[in-house]
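**Q** Assemble chain C onto chain U, guided by the hints.
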Amino acid sequence: MGRFWSLLFLLVPVLGVAVFVFAVVPGGVFDNHWLPEDISQHGKVIDDLFMFILYLTGVIFIVTGALMFWFCWKYDAEKNPEPVKFTHGSHTLEIVWSILPAAILLFIAIFQMDAWAENKMVYPIKDGKKKPPLALVTGRQFEWRIQYAGPDETIGTEDDLHVVNDLHVPVNDEVVLRVQSQDVLHSFFLPNVRIKHDLVPGMQQHVWFQTKKTGLYDIVCAELCGWGHYKMRGRLIVESEEDFEAWYANAVQEQTRTSHNVESDN
Amino acid sequence: MASLLFACMFVLTGCNSEPASFQINEAYIRAVEYKADVTKPQLISEQTVTLSEAQKKNVSEILEGLFGTPDEPRLPGGVGLDNLLSLRKLRVAAGPVTYTGEENSDSGLESGLYRRHCGHCHGVSGDGHGPTAEFLNPYPRDYRMGQFKFKLTDGDGAYKKPSKADFRHLLQEGIAGTAMPSFRVLPEPEREAIIDYVIYLSIRGQMERGLIDEAYSAASDPNELPDNPEKILVRFGEVVAGDDLQFVKGLLTPIVLPWATNDGTGTVQRTIEKAPEEWDSDESVELGRKLFYQSKANCYSCHGRTAIGDGQTNLFDNWTLEHLGNEPGDASGSGEDGVSAGIPDYFYRGHLAQIGVVKPRNIKPRNLRIGNYRGGRRPIDIYQRITGGIEGSPMPSNTKLTKAEAWSLVAYVLSLPYEPASRPKTAPVFQGVGSSK
Numbered sequence: 556m557g558r559f560w561s562l563l564f565l566l567v568p569v570l571g572v573a574v575f576v577f578a579v580v581p582g583g584v585f586d587n588h589w590l591p592e593d594i595s596q597h598g599k600v601i602d603d604l605f606m607f608i609l610y611l612t613g614v615i616f617i618v619t620g621a622l623m624f625w626f627c628w629k630y631d632a633e634k635n636p637e638p639v640k641f642t643h644g645s646h647t648l649e650i651v652w653s654i655l656p657a658a659i660l661l662f663i664a665i666f667q668m669d670a671w672a673e674n675k676m677v678y679p680i681k682d683g684k685k686k687p688p689l690a691l692v693t694g695r696q697f698e699w700r701i702q703y704a705g706p707d708e709t710i711g712t713e714d715d716l717h718v719v720n721d722l723h724v725p726v727n728d729e730v731v732l733r734v735q736s737q738d739v740l741h742s743f744f745l746p747n748v749r750i751k752h753d754l755v756p757g758m759q760q761h762v763w764f765q766t767k768k769t770g771l772y773d774i775v776c777a778e779l780c781g782w783g784h785y786k787m788r789g790r791l792i793v794e795s796e797e798d799f800e801a802w803y804a805n806a807v808q809e810q811t812r813t814s815h816n817v818e819s820d821n
Numbered sequence: 455m456a457s458l459l460f461a462c463m464f465v466l467t468g469c470n471s472e473p474a475s476f477q478i479n480e481a482y483i484r485a486v487e488y489k490a491d492v493t494k495p496q497l498i499s500e501q502t503v504t505l506s507e508a509q510k511k512n513v514s515e516i517l518e519g520l521f522g523t524p525d526e527p528r529l530p531g532g533v534g535l536d537n538l539l540s541l542r543k544l545r546v547a548a549g550p551v552t553y554t555g556e557e558n559s560d561s562g563l564e565s566g567l568y569r570r571h572c573g574h575c576h577g578v579s580g581d582g583h584g585p586t587a588e589f590l591n592p593y594p595r596d597y598r599m600g601q602f603k604f605k606l607t608d609g610d611g612a613y614k615k616p617s618k619a620d621f622r623h624l625l626q627e628g629i630a631g632t633a634m635p636s637f638r639v640l641p642e643p644e645r646e647a648i649i650d651y652v653i654y655l656s657i658r659g660q661m662e663r664g665l666i667d668e669a670y671s672a673a674s675d676p677n678e679l680p681d682n683p684e685k686i687l688v689r690f691g692e693v694v695a696g697d698d699l700q701f702v703k704g705l706l707t708p709i710v711l712p713w714a715t716n717d718g719t720g721t722v723q724r725t726i727e728k729a730p731e732e733w734d735s736d737e738s739v740e741l742g743r744k745l746f747y748q749s750k751a752n753c754y755s756c757h758g759r760t761a762i763g764d765g766q767t768n769l770f771d772n773w774t775l776e777h778l779g780n781e782p783g784d785a786s787g788s789g790e791d792g793v794s795a796g797i798p799d800y801f802y803r804g805h806l807a808q809i810g811v812v813k814p815r816n817i818k819p820r821n822l823r824i825g826n827y828r829g830g831r832r833p834i835d836i837y838q839r840i841t842g843g844i845e846g847s848p849m850p851s852n853t854k855l856t857k858a859e860a861w862s863l864v865a866y867v868l869s870l871p872y873e874p875a876s877r878p879k880t881a882p883v884f885q886g887v888g889s890s891k
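Residue numbers (our numbering), protein chains in the order written: chain U, 556 to 821; chain C, 455 to 891.
Next comes chain U alone, as it looks inside the complex:
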């Protein structure tokens, strides 16, 4: 019976690795469970970082899993009738397994600095000045209210365009968004653009990204924000410059409608 348990423990590294392999390989039950399509220009940095850490932790995971299995197997009580001897431990070993993880953590911290800086600290510059945000995205229970800055590039003026849940952005353009929460903690998450930013009530923050492909993508809330958290879905609509302009003009026209006729409007 003793070796049954060591085999059972062997399942941990085996199944752990299998889950990842199945998720990556297309088709099958776990299809579509790997990273969502990346349509951003900077996303590769994030994905590479993710993969690097995955490989690093993956190797350590497999080695520790295999070692633990091996010890279980080798020192099974039934096969080893001799009682264990007490040892005071190994000073050298302890130093090694303290310093090694610390060094790895330190390495990751330094290795990722560029990615972090590029995504969160190097604010986009246009004509020598900070690029004004295209829109203000306000998370509230349970929707995304979006306020485009309009031609004057200032949020909170009369030419602002107000929409809900649909964020249109021009493709290839560097988009800056001001993000905030109206009520509780939310997290503004664009999975396909590799942007995730926690929204703290009272704080105004900015996110920026550059897309490279048109299409319809998700906006989701990545912070449990209440009973309707699952409802907080929006759409990121990446479109060509002309389509964006056309949509914008159309939306402004709708927002400033001063006549209503069911017959001709619908």
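Certain hints may be false.
[Stated by the list, open to error] Here are the simulated EDC-like cross-link-like pairs (lysine to aspartate or glutamate), alpha carbons at most 20 Å apart as the crow flies: (1) K618/C to D669/U; (2) K703/C to D717/C; (3) K786/U to E642/C.
Source of the hints: derived by calculation from the structure; they are not laboratory data.
**A** Just chain C now, with coordinates in the frame of chain U:
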């Protein structure tokens, strides 16, 4: 081990809950029984006659015969509903929540839409008393009164039922400033099914109120034959369908007519003629400002002198008015916040919560300076609120203003959030009304 066994039993048996059922409108029954005078809640009469359990059951039976159950909706025939609502759509919206991939055989859509997206606030019966309702401000709408706020059908001083286009717009945009979110990511056929179901729940709720009124007047009629001790409205046999009964038809037809209108396809939105050329000019805004403080428009009396919504704060909407003062215990009059004093919170949590009455709150006039418009921010939306009013709320429809004057008010209201006083850099200095300019 015992817990493992228990877990296995749970997995095997599943959680077979009772099928959902419509709850009878106990809140309205109570309101009828206590004959609350909504204008003077402190002068209510004592309860005289109560409805018996048999009568309540009878009302529920008639309703079930007409409208079916939350899992199996029915549409009463012969009353002009056929063109307005589609049973196929109702079936998609009704029923228990199914999991992704399970499709309704008729439509290819998932069923259980209402309970998935709406029920937790608006309740299975459409009573606005779902599990999350009491945490929200404002409370979710109770459809059963058949009154709706934001629609483009009202005009000429009369409230009309919302059209399907109104529901469509509302589901698209959500209601800013409330817990009603936008549902624009739902596929259009799903939204259409939900719209039909909401209208169905509303008509059903109105019919329920009609039947309760009838049952109550039968119960309180002294000439009623003594051999009818339970005073049942109609016996509901297995052979007789609900829509075969003249009595039931007679009640239902006038309820359906305003929804379906004569051609049976529902109300249509009104036409708003194009605003005058200079409607948003500075002069027009200035005229709007004057009108705001004049008795002709009388905006300031509720929205306040500075338009921050503090003109009056002790009115109620129709849904709350009905439940005010319908308990002998709360005849003590209004408290400081306008809510009946002497009713402790626990009263609303325990006793009244069970019959679907939430703690009354005042309806606050909108703060016009924050730029948050529940019924929409398009100029036509504001124009409609001013000229058509907001049904169920103290916001009246104004028929005294000329079109040009109404548009000036629209321009003024839309300019308010951008006035310096609305976004002060330093402390604002408010001038007395009339003393400035």
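**Q** Quick check: which numbered hints come out false for this structure?
**A** Structure breaks hint 1 only.
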